[in-house]
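Protein chains: 2
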Amino acid sequence: MLEICLWNPDPKTGIIHRSDRIPDTIPNISRFQQVVLHQGRIERFFLDSISENSKRTLKAVPGWEDGIRVEHGVLPTSLEFDESLAENADAYPITVRLRHLTEQEATPKQSATSLNGSGLQDGLFRSNLSSDDTQELLDKSKLLQAKAGREETVKAKYMLGADGAHSWVRNQLGFKLQGESTDYIWGVLDIVPITDFPDIRMRCAIHSESSGSVMVIPRENKLVRLYIQLTTTENAGGGKKADRSKINPESILASAQKIMRPYKITYRYCDWWTAYQIGQRVGDSFSLKERIFLAGDAVHTHSPKAGQGMNVSMQDAFNLGWKVASVVNGTSDRSILKTYQSERRRIAQDLIDFDHRFSRLFSGRPAKDVLDEEGISMDEFKRAFEKGNLFASGVAVDYGASIVVAKSGDSTKQGDGTEVLGAEKLRVISNQGLATEIKVGMRMPSFKVLNQADARPWHFQELLKSNGTWRVVVFAGNIKNPDQRARINKLGEKLSTSTSFLTRFTPPNKRYDSVFELLSVHSAPRQEVTIFDFPPVFHPWDDNDGWDYWKIFVDDVSYHEGYGDAYNNYGVDREKGCAVILRPDQYVSWVGEMDDYESMEKFFSGFMIEQPGGRERMATNGWEGVSREMNSTGLPATDEAVVGTAAA
Amino acid sequence: MLEICLWNPDPKTGIIHRSDRIPDTIPNISRFQQVVLHQGRIERFFLDSISENSKRTLKAVPGWEDGIRVEHGVLPTSLEFDESLAENADAYPITVRLRHLTEQEATPKQSATSLNGSGLQDGLFRSNLSSDDTQELLDKSKLLQAKAGREETVKAKYMLGADGAHSWVRNQLGFKLQGESTDYIWGVLDIVPITDFPDIRMRCAIHSESSGSVMVIPRENKLVRLYIQLTTTENAGGGKKADRSKINPESILASAQKIMRPYKITYRYCDWWTAYQIGQRVGDSFSLKERIFLAGDAVHTHSPKAGQGMNVSMQDAFNLGWKVASVVNGTSDRSILKTYQSERRRIAQDLIDFDHRFSRLFSGRPAKDVLDEEGISMDEFKRAFEKGNLFASGVAVDYGASIVVAKSGDSTKQGDGTEVLGAEKLRVISNQGLATEIKVGMRMPSFKVLNQADARPWHFQELLKSNGTWRVVVFAGNIKNPDQRARINKLGEKLSTSTSFLTRFTPPNKRYDSVFELLSVHSAPRQEVTIFDFPPVFHPWDDNDGWDYWKIFVDDVSYHEGYGDAYNNYGVDREKGCAVILRPDQYVSWVGEMDDYESMEKFFSGFMIEQPGGRERMATNGWEGVSREMNSTGLPATDEAVVGTAAA
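Protein chains in written order, with UniProt numbering: chain D, 1 to 648; chain V, 1 to 648.
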């Protein structure tokens, strides 16, 4: 989707015409652009990635060689929570009973709405026009218990209810969605359109004079999704549920034809259809004692047209995932978990506010003239669309001050009201002026930098894999300057001691780079520097792989992909540089002086857990031994050499 | 691979130092850059693509629902050719007997060369240092015949021997490789290097003072490939085969250590190793009667260091594939098949000439000074490297005049000597001046254009799928200009008649766009044009899908990917445009006036086969009927509507 075309009634004739065009993704906002993908594709990506990554990381764990398998057709039947164990990090306070459904139970019955006897899929069974059928499925499940699948009991440290607008978990916890339904009813058709409407492959917002609105979303495989306002459908009014028996593809298409005339539109192939009633609601609480969490539609529901349902929900889970993982693996204190509600409930509130305004403008009748106060202004609509795009992109998210976001101000006002600061004596405040475009609380922006060792350009974000590690990014400045060289050497020394935060907070027998990754970006000319100009801690040693060539980068011109101009774009001084701490989810925690080791240490001390001794060496001093050995023998002793035929 | 670093002896000290750097892919030569990928990965891409595409296209063919399966472990045992049937297009003059090997037979025995007892793979069994073992495998196969796999007899219209340097097919035909071996022996190690050599992740050419040369190729998974000259290895001299018993990973590494000192290098992990003797040979003939063809190493062998073995071989097959397919499916005359040898043998000759020069420079000892006439000049080496890169990129290929390349000159001189022109009265000569950068005989260059209907940017080459269709690309110029509009309408009219080449050369009951694809690129502002400004033949109709939105493009600025400036880059006049005919393999056949329908028709008449009547309608006139129907009923009659749940 590249362009949004706005179609409105001509003021003189009342006939729709294209009045404006807006780029759909705001230019230069991101290296990615907006696309539409079937939700099943997205889920497939996740399932494949879960399978692939878990197989790799669990291959040596007995019983888990096949990795993690996502189970479908499982319903919870009871939930118990032992509140007395909530603050004991090692305890399992949650007990859930699960029931594996039979195939018959797990397949929801769909309405018989095919046009010609073949099975046309509709989405009404998942629409908010249908009633909550969770209890019904459960009752049926109990009835069929004797002949059907097995039950199991799970004891858990943590639990996430991502079970949709009718969330069973939310109901068990007694939490509420707050907000109301509107009277606007919309139908949805996924069709291969046969039409003379010239902008059918553009995203369009079409406001007719008095027949309602259509939104056009071009899709894959020649499909187009049409969101069609159903102005003639009987509805109960006052936010009550509409009569869905009157809604079918024919009636939805007829509405579209009325709105889009004088253009003609029909189809021979319909892939899917549904209808829904717009409502905006947000959950009153996102967690029980930071042990049981809610995410996605379970805590925020709104109209689908802003394209935010799946996106904001995935970001909920992405925000929570690394926090729970770092508590479970013992590196972080439980106090960081409160930031989930503080950060994500605030986003949900902002989303619902936006959707409320946007829906009213989309479903409203266009004003005839400036005196028509009941009609909505097309200029206001256009501005809302533009603002909505910034919001929808996700890059505008700005998390408030907290134990993991080192910025000034009142953390309760910057979030949803939850208190999320740690001990005052460990509070660190960033020096934002050292990197004016790396905004604390926002996502690390991405510009291209080159790998020092092989000259390959990377978008900086590509280096920030979601593997749970914190990053200390050292913008080393001009390391050809002796003063700057002295600073980086001094920092390297402090980082390499046996009492540095790299070692103090790394669990025994793990390498420091399993918790912290050190990345550096310097600004001297690439061709005048090698990785050996940096202290070893910046290009760590491995006994099998030698030096690490993938940690040191440079802000220089590439042969084929232009110049990222990263220092300039990040607002960092080319000579003196700066240092940045990034959370595992790419959000910026702290900005400070390049060699301000003390602030880094203080920041991590605020929530990281001091580890017992016995850790591995710093992975910086292996070369000397190998180098000595080579002087005499050439090859390492053959009984040490690793040979094989690994897939390459 | 981004940069080539040249390391040479310092003139004063004799110690190697980095004397120069060259970008590895020539900037702006292509939208792609050079990368190194394990050959197994490339083969996997092909196997997956063959499977996926053949399943889709053959799903309705009984017995072929599972698509095409590539069989391994099959050897030919006899070949018969009935020369009297050679020119009968419908005949099957080839009879091949095939033997399916048992697993044991099909697994070549490797040398026992592991360092510590584990199975280190080496490539000596495929190296040219080993003798031709085809006959041996065959004999063994006969012995095991009783208990082993089955035999089958295949009758074929065409056959391609892509069976390597020891080609059995070539031997059956009695064709020869012409050329000689050199005395240069090289070893190859794929290792994870442990080293202090600073450019180990760059492509490097290292000439030592007197110990030989090393080429460094950084690879995936931390691997580096080293090509190492073995100056101390005993070899027979005079182009005879070297004694391979003295060659092993230790001896190869020892050579590298000597060449690269004072830097140190060793490894713990070796993935693969081999050794080879450089030789350059090219086949004397590439086909028997244009029925049995040879491709790849079967007709050209050379040193691996230019990275051209797999590339040039794949291009052989790509050149031949569409030609044989279009003859077999009855759209083209057999005369086009002669262009395979004319085009590809010439390329092989050029490759061997280049490799000969390059190998000598790589394996030679650096000159000590200008008076050292036996030594090679490092300046000359650098220039050869730069020239080699242009050659290696493949974009410099320029096919000579022929029945499918409408340019002037002597076709025998421009190719390998084969006569490949058709009837003189049907010869068409391009007007190259109308598109100065779309060179007839070369590959269509790629610049970004926007889809008119959805504003999406495409690299033009992305539109040229390898599906066997010819393309007529109409650079329509400024179609807001009434004169230009009249020209495109007139062209559309000629193309749409029942006697146009689109219909005359399209087999009965097929759509014209299965043989010819019409693409257009105009230069008027995108926002002032819709696809309905073009005659219907340029956006063909389909009864289920409506109009085709993916054929008309515009040279305009994109929102997110800059401006392709295609007319300017192609050297085409923005007002008047031009027309281009592209072969199914993206090579340019003809350039002429935008509305020069007569030359297009003459060109295709030179080799395409007139089809009997009874073809489908022009796929341009369906809208009117649908439009009329919608006026009364809104939806198509339900018994016509196609509904379903296709994976979207």
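Be aware that one or more of the hints could be misleading.
Since the list gives no way to pick out one identical chain from another, each pair is judged satisfied if it fits inside one copy or across any two copies.
Said to hold, decoys possible - Cross-link-like lysine-lysine pairs, in silico, BS3-like; alpha carbons within 27 angstroms at most: (1) K602 - K246; (2) K387 - K289; (3) K510 - K222; (4) K222 - K465; (5) K480 - K264; (6) K222 - K55; (7) K602 - K338; (8) K413 - K425; (9) K176 - K222; (10) K222 - K59; (11) K176 - K338; (12) K246 - K289.
Hints listed in this document are in silico derivations from the structure and should not be mistaken for laboratory results. Because the structure is a prediction, the values reported are computed rather than measured.
We went through each hint and held it up to the structure:
Proximity of K602 and K246 under a CA criterion of 27 angstroms is satisfied in neither setting, with 64 angstroms inside one chain copy and 61 angstroms between copies. Taking the shortest alpha-carbon separations for K387 and K289, neither the intra-copy value of 36 angstroms nor the inter-copy value of 68 angstroms comes in at or below 27 angstroms. Taking CA atoms no more than 27 angstroms apart as the test, K510 paired with K222 passes between copies only; the shortest distance there is 22 angstroms, against 51 angstroms inside one copy. Only between protomers do K222 and K465 lie at most 27 angstroms apart by alpha-carbon distance; the minimum there is 18 angstroms, versus 34 angstroms within a single protomer.
Taking identical chains as interchangeable, the C-alpha atoms of K480 and K264 lie at most 27 angstroms apart only when they sit on different chains, with a minimum of 25 angstroms there against 68 angstroms within one chain. In this homomeric assembly, K222 and K55 come within 27 angstroms of each other (Cα to Cα) only across copies, at 21 angstroms, whereas the closest approach inside a single copy is 36 angstroms. In this assembly of identical chains, the alpha carbons of K602 and K338 lie at most 27 angstroms apart only when taken from the same copy (20 angstroms versus 76 angstroms across copies). With identical chains, the CA atoms of K413 and K425 are at most 27 angstroms apart within one copy only, with a shortest distance of 21 angstroms there and 85 angstroms across copies.
Proximity of K176 and K222 under a CA criterion of 27 angstroms is satisfied in neither setting, with 41 angstroms inside one chain copy and 52 angstroms between copies. Taking the shortest Cα distances, K222 and K59 sit within 27 angstroms of each other only across copies (21 angstroms), while inside one copy they are farther apart (42 angstroms). Taking the shortest alpha-carbon separations for K176 and K338, only the intra-copy value of 19 angstroms comes in at or below 27 angstroms, while the best inter-copy value is 77 angstroms. In the homo-oligomer, the alpha carbons of K246 and K289 never lie at most 27 angstroms apart, since the shortest distance is 45 angstroms inside one protomer and 71 angstroms across protomers.
The structure fails to meet hints 1, 2, 9, 12 from the earlier list, while all remaining hints are met.
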